[in-house]
Amino acid sequence: MKTFYSILYCAIRPNLDEKISIGIFMANDRHCKFLYSAEKLQVIKDLFTEEAYTTIKLHLKSLSKLSTECVNDVMHSHKGQKFFREEYFNYLSRYAQNLITYSAPNQIDLEITDSIFNKLFEKFIFHLPEIQETKNRPIEVVRKRLTKTIAGRVNFDFEFKKNEIPGLVVPARVWFIGKNEVQVTGETKDFNGVPHFIQQQINAHLFLIEKIKETKEGKNGHFFFIADEPEKSLIENHKLWKAVKDSKMLDMVPTNEIGRIEEYMEKHGVEPLFATK
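With numbering that gives the first Met the number 0 applied, the sequence shown corresponds to residues 0 to 276, in that order.
Derived by calculation from the structure, the hints in this document are not laboratory data.
Even for Gly, the Cβ is constructed at its ideal location relative to N, Cα and C.
Worth double-checking, as some hints may not be accurate.
Said to hold, decoys possible - Capping the alpha-carbon separation at 20 Å, the derived lysine-lysine pairs in PhoX-like fashion look like this: (1) Lys122 - Lys161; (2) Lys212 - Lys244; (3) Lys39 - Lys18; (4) Lys266 - Lys147; (5) Lys212 - Lys238; (6) Lys56 - Lys39; (7) Lys244 - Lys161; (8) Lys241 - Lys218; (9) Lys247 - Lys210; (10) Lys218 - Lys247.
Unchecked claim - Simulated restraints on C-beta separations: (11) Asn255 - Lys122: 37 to 45 Å; (12) Gly151 - Ala242: 33 to 41 Å; (13) Ser232 - Arg12: 22 to 30 Å; (14) Asp113 - Asn219: 44 to 52 Å; (15) Asn97 - Lys241: 23 to 31 Å; (16) Arg93 - Asn255: 39 to 47 Å; (17) Lys244 - Glu121: 22 to 30 Å; (18) Pro253 - Glu50: 22 to 30 Å; (19) Ile164 - Asn14: 31 to 39 Å; (20) Pro253 - Ala203: 40 to 48 Å; (21) Asp250 - Lys122: 22 to 30 Å; (22) Val42 - Ala274: 51 to 59 Å.
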């Protein structure tokens with residue numbers, strides 16, 4: 000089993016190559032794990048400007064979210080699958096020279112286990128937090144719940160091929176899709192990540208929904224979008240959230256109201272778009 004790990008550093012004074020280890024990423028062909036020390040980041044907070052600190056924190060949270068989604072992607076179709084490879088971290092170790100830098104991948108002939116990962120974390124990063132940041136976030140809790148409660152009514156992680164919807168340039172994926180008299184879709188989004196990435200993902204999703212609406216089946220479709228309002232201090236993130244909410248293109252559902260989705264599925268007799276074996 001080809002396993003590697005890469006250490007993430009916060010660059011304190013790049014001109015002197017002064018840096019502090021902050022997180023570690025570990026992966027092989029089947030699994031990946033990432034953890035950064037929020038406690039250590041808080042300790043070194045005063046070494047950065049407020050803007051730089053916010054950028055670092057968002058970068059780490061975004062990577063944490065992507066790696067978590069990748070771990071839960073049993074079909075190996077998540078976009079993180081093509082990034083979380085040894086070749087990509089080799090690239091990052093050479094060319095990522097900003098606030099976050101990466102060590103060249105180190106290969107080890109070991110499986111990825113919590114025990115091995117934790118030992119590496121404590122050796123290179125910091126002591127393990129009493130409660131690790133792998134604690135479920137609201138979006139993750141929602142995905143786990145709906146995966147069970149509406150499993151018989153939708154297809155999960157569905158990918159449209161470019162020739163299945165007129166105007167679709169590349170394949171596009173949606174978290175769930177079903178049908179009754181119209182098509183019903185659902186997507187989730189954590190608005191606490193890097194604004195640039197969030198904007199790209201939202202634009203891609205809205206483009207897909209527009210194309211679905213242009214079809215006969217999607218003309219009067221119902222399109223759920225599960226997301227919580229980010230803190231107003233995250234100005235760009237909040238602008239993106241408000242823009243989606245105000246657009247009325249999607250039925251935006253907070254994570255504490257997902258019962259609405261379950262009730263809709265029951266009331267309208269939603270079924271999977273394609274029969275599952």
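Hint-by-hint comparison with the structure:
A distance of roughly 47 Å separates the Cα atoms of Lys122 and Lys161; the hinted pair therefore is violated under the 20 Å criterion. Distance check on the hinted pair: Lys212 and Lys244 sit about 18 Å apart at the alpha-carbon level, within 20 Å; holds. In summary, the hint linking Lys39 to Lys18 is supported, as the alpha carbons are separated by about 13 Å, within the 20 Å threshold. Distance hint between Lys266 and Lys147 is fulfilled; the C-alpha atoms sit about 18 Å from each other, no more than 20 Å.
Proximity of Lys212 to Lys238 is assessed by CA-CA distance (about 25 Å); at most 20 Å being required, the pair is judged violated. At roughly 12 Å between alpha-carbon atoms, Lys56 and Lys39 fall within 20 Å of each other, so this suggested pair holds. Proposed proximity of Lys244 and Lys161 is contradicted: the alpha carbons are some 28 Å apart, above 20 Å. Restraint check for Lys241 and Lys218: not satisfied, since their Cα atoms lie roughly 24 Å apart, outside the 20 Å limit.
Under the criterion of a C-alpha separation no larger than 20 Å, the hint pairing Lys247 with Lys210 is consistent with the structure, at around 16 Å. Proposed proximity of Lys218 and Lys247 is supported: the alpha carbons are some 15 Å apart, at most 20 Å. Separation of Asn255 from Lys122 is about 40 Å and conforms to the stated range, judged on CB atoms against 37 to 45 Å. Taking the beta carbon of each, Gly151 and Ala242 are about 34 Å apart, inside 33 to 41 Å as hinted.
For the pair Ser232 and Arg12, the supplied restraint of 22 to 30 Å holds, since their beta-carbon distance comes to about 28 Å. Roughly 48 Å separates the CB atoms of Asp113 and Asn219, a value that falls within the hinted 44 to 52 Å. For the hinted restraint 23 to 31 Å between Asn97 and Lys241, the CB-CB distance of approximately 29 Å keeps it satisfied. Look at Arg93 against Asn255: about 44 Å separates their beta carbons, and that is inside 39 to 47 Å.
Between Lys244 and Glu121 the C-beta distance comes to about 42 Å, which lies outside the given range of 22 to 30 Å. At about 29 Å, the CB distance of Pro253 to Glu50 agrees with the hint of 22 to 30 Å. Roughly 51 Å separates the CB atoms of Ile164 and Asn14, a value that falls outside the hinted 31 to 39 Å. Separated by about 22 Å at the C-beta atoms, Pro253 and Ala203 break the suggested range of 40 to 48 Å.
Roughly 48 Å separates the CB atoms of Asp250 and Lys122, a value that falls outside the hinted 22 to 30 Å. Our hint of 51 to 59 Å for Val42 and Ala274 holds, since their Cβ atoms are close to 55 Å apart.
Of the numbered hints stated above, those contradicted by the structure are hints 1, 5, 7, 8, 17, 19, 20 and 21, listed in ascending order.
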